Amino acid sequence: MAVVGPTASAKSDVAMGLAERIGAEIISVDSVQVYREMDIGSAKPSPRMLARVRHHLIDVVDPEDSFTAAHCQRRARRIIEAASVPLILCGGSGLHFRSVVDPLTFAPHDPVVRAEVGQLSPEAARDRLLDADRQAGRHVDLANPRRVARALEVLALTGATPSRRAAEPARRQVRAYRPLVPFRAVGLDPGGDIGERVSARLGVMRKQGLLDEVAALADRMGPTASQAVGYRQLLPVVRGEMDEEEGFRQVERATVALVKRQRTFFRRDPRIQWLPWRSDLDEMVSAAQEVLLGASA
Numbered sequence: 027m028a029v030v031g032p033t034a035s036a037k038s039d040v041a042m043g044l045a046e047r048i049g050a051e052i053i054s055v056d057s058v059q060v061y062r063e064m065d066i067g068s069a070k071p072s073p074r075m076l077a078r079v080r081h082h083l084i085d086v087v088d089p090e091d092s093f094t095a096a097h098c099q100r101r102a103r104r105i106i107e108a109a110s111v112p113l114i115l116c117g118g119s120g121l122h123f124r125s126v127v128d129p130l131t132f133a134p135h136d137p138v139v140r141a142e143v144g145q146l147s148p149e150a151a152r153d154r155l156l157d158a159d160r161q162a163g164r165h166v167d168l169a170n171p172r173r174v175a176r177a178l179e180v181l182a183l184t185g186a187t188p189s190r191r192a193a194e195p196a197r198r199q200v201r202a203y204r205p206l207v208p209f210r211a212v213g214l215d216p217g218g219d220i221g222e223r224v225s226a227r228l229g230v231m232r233k234q235g236l237l238d239e240v241a242a243l244a245d246r247m248g249p250t251a252s253q254a255v256g257y258r259q260l261l262p263v264v265r266g267e268m269d270e271e272e273g274f275r276q277v278e279r280a281t282v283a284l285v286k287r288q289r290t291f292f293r294r295d296p297r298i299q300w301l302p303w304r305s306d307l308d309e310m311v312s313a314a315q316e317v318l319l320g321a322s323a
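Residue numbers (the working numbering): 27 to 323.
Rather than coming from a laboratory, the hints here were simulated on the basis of the structure. In this text the structure is predicted, and so the values were computed from the model without any measurement. Beta carbons: idealized from backbone N, C-alpha and C, even for Gly. Do not take every clue at face value.
[Stated by the list, open to error] Ranges between beta-carbon positions, derived for each pair:
#, residue 1, residue 2, range
1, GLY229, ALA158, 31 to 37 Å
2, GLU90, LEU206, 27 to 33 Å
3, ARG78, GLU142, 25 to 31 Å
4, ASP167, HIS135, 15 to 21 Å
5, PHE132, ASP219, 50 to 56 Å
6, ALA150, ALA241, 24 to 30 Å
7, LYS233, GLU90, 26 to 32 Å
8, PRO112, ALA182, 40 to 46 Å
9, ILE48, ASN170, 37 to 43 Å
10, ALA158, ARG78, 50 to 56 Å
Using the sequences and the accompanying hints, generate a full structural model.
Shown next as structure tokens:
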């Protein structure tokens, strides 16, 4: 089972309510909640919530460490294989979600090769990729330097061009949304109210001490954690390079942009059944239960 959707869509509350009703545990597919001490900015479940329902993949690595979708895949599948109770996948990271349920494969990384590729200008990197694969633009966003650099890194390490990787059977299965791990999923999205919800949630986080949390972690955050929305925008404030008001304005803008990306990603997935939005939490839990288990509350 899965409860997914964009940031600030109440999916964690619905998953919690459903888990308590059916005796399930929750596997978080959130790219930030995995980090210890990154609590406020990731909207991590409170200690009381964690005591009520067992959660997996929360507080599993330190901010200095890297935790990728490939790590999520390995850990979550081990949990699924060993489970003796119902499990609910819950989160807003589409890649982490699909890494668990779909036959996604992840190419290796190498810091030395990555550094070498990083020395190329965006134009030179794009030309090198096209020299190796004239059809690369069909599979890689050539206007995105990070995607191009990653394709070159994979090419150097495996010899596989983007076109060759796209033709792999597992990738065709991913594109067809044929899961490796069978599941039912519901999607939550309040629609036009999301901007107001983001603003209200950020206001609560600010009162809770989000800026202090970022300041306490600033010298310890690795390259992955430091890019998380909310933390990335406030690091310049901590360093004295930006005033606090502008920092929080940037957090809000970045969060709204994230919501739009999450919506686009999840809405493409035909396996997700989107629930009509209700402000009443119990009604949302009952609607999710009806879809996921075929039984009303």
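Tested hints:
1. GLY229 - ALA158: 31 to 37 Å: violated (49 Å)
2. GLU90 - LEU206: 27 to 33 Å: Given about 31 Å between the Cβ atoms, the range holds.
3. ARG78 - GLU142: 25 to 31 Å: violated (49 Å)
4. ASP167 - HIS135: 15 to 21 Å: holds (19 Å)
5. PHE132 - ASP219: 50 to 56 Å: About 36 Å separates the Cβ atoms of PHE132 and ASP219, which means 50 to 56 Å is violated.
6. ALA150 - ALA241: 24 to 30 Å: violated (38 Å)
7. LYS233 - GLU90: 26 to 32 Å: holds (28 Å)
8. PRO112 - ALA182: 40 to 46 Å: Since PRO112 and ALA182 have Cβ atoms about 43 Å apart, the given range 40 to 46 Å holds.
9. ILE48 - ASN170: 37 to 43 Å: Since the Cβ atoms of ILE48 and ASN170 sit about 41 Å apart, the hinted range of 37 to 43 Å holds.
10. ALA158 - ARG78: 50 to 56 Å: holds (53 Å)
The structure shown violates the earlier hints numbered 1, 3, 5, 6.
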